[in-house]
Structures are given as structure tokens and as C-alpha cells.
Amino acid sequence: MSSPILFKLAQFEGPLDLLLHLISKAKIDLQDIFVSEITEQYLSYMEQIEELDMERASEFLNMAATLLYIKSRALLPVKREESEDEDFIDPEEELIERLRAYKLYKEAGERLAKLEERAKDVYYKLPEELIDVEQEIIIDGSDADDLYRAFLELLRRRNSETEEAPRRVEIKQDTFSIRIQKRKILRRLRQEKEIAFSSLFDGQASRMEIAVTFIALLELWHIGELAVRQKKAFSDIALVYRGGAEKD
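When we follow UniProt numbering, the leftmost residue of the sequence shown carries the number 1, and every step to the right adds one.
Calculated directly from the structure, the hints in this document are not laboratory data.
Be aware that a few hints might be false.
Computed cross-link-like contacts, DSS-like style, restricted to lysine-lysine with a CA-CA straight-line distance of at most 30 Å [as the list claims (entries may be wrong)]:
1) 106 x 120
2) 103 x 114
3) 120 x 103
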């Protein structure tokens, strides 16, 4: 003889949760359920409670009373005054509506729990002080267009590499600014006279570093410190030192 199934109330969030469990086990659609058919199963579960928490058990007992009432009404003929009363609420229909609503909330809760679990692996960058660009930069000419296209292509490749690379937990604080990037670029240009646009970035360059470097290049181009050259279509952009202004 098999031992009786023992369970704790903590296994279920409430009486509606237990009812949904019974309906799921019986593979009955909520549209087709007759509450009276699962009353015996519900009462059987109530008799097998291993630990009884009176405060929580009152919810389950109240539901048991409701089920018994619905079952008793199913065995008795419907009173004429009830059938003609427009304000009369069928307790079985009301319970089924509650079950439908509870099922929707439960499914939504499960989806939110999954999203919360995924969010544990997401790390957010600490807020930083934004650097204001005092001088408005007016861009025109083919040099700026070439530079902008190179910038977009670099960002596209960087996004692709980020998606394919394994996730890292360590997050480093960025320590560069537009002023610092301008100085670095000018130092190299004065030494080498001509440098490749792609050489300004290593494989670990963040999107923020790429964006700040691009703004620094635009400022240097605007004040005449550098020119942009491209020998042929789709080739690397060359940055040529012009020495237009000595301030940075």
C-alpha cells in the first residue's frame, strides 16, 4: 500500500494556486472545468496537510467551503427566483473568472522572474561627469565625411566583436577626455606626420573611447591641425599633420 501524499501549504501560494495545480494534473481546460468535479480532490489534499499554519490555512478552508457550496448547488434544482434575478452571481462562474485572472497574473509573474534572473548578469556603468564642448564645430567638406564614415565602420565592427566575445565581469573606469585625446593625437602627428585612423584604437577600445576620440579628431580638423586622406575607396583613413594651430 502506498503511503499518502504529504505536502505543506508553503508549496502553494494560495487556494487558487492549489486549484490550478489540480486542474493542470487533470489536464482540464479552464473553459471546460466544472468546479464540483475537483472538490473531492481539493478536500483530499486538505486532509493530507503535514503542517497546519492556521493563519494561512483559513484561506484554504474558506475555499473548501466555497467548493462544497458550489457542489451542493449543482446537486439541487435551480430556484426560479435565482434564474430570473439579473443581479444573481453564479459562484461557480465567479470562481472560474478568478482562476482565469489568477492564471494570467501567475504567468506574468513567471515571465518577470525570468527577466529578473537575466538582469543579474547585466552590469551598468557608473555615471560620469559629461564634458561640455564649448566651441560649436561646423562640419562640411569631404574630409569630415570620410572621417565620419570611418567612425561608423569602426563602431559597427566593435559592436560585432562585442556580441561574439564572451562576457566579462570586470568593468574599468574610463579616464580619457576630449582634451586628453587631442593631446595624444597631436603628439603622434607631430612625431609621425601621418598616421592611420585605425591605429588610434586597440582591440579593447570601448564605444565611449571611440566616440570621444572621434570628437577630438573633428576639433583638430576644424582648427586646421590635421587633414583627412583616403588613397582609394574602402581603404584606411590617413590623418595628416598640418600644424595649423599650436593650441589644444
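Exercise. Which of the numbered hints above does this structure break?
Worked result: Of the numbered hints given earlier, the structure breaks none, since each of them holds.
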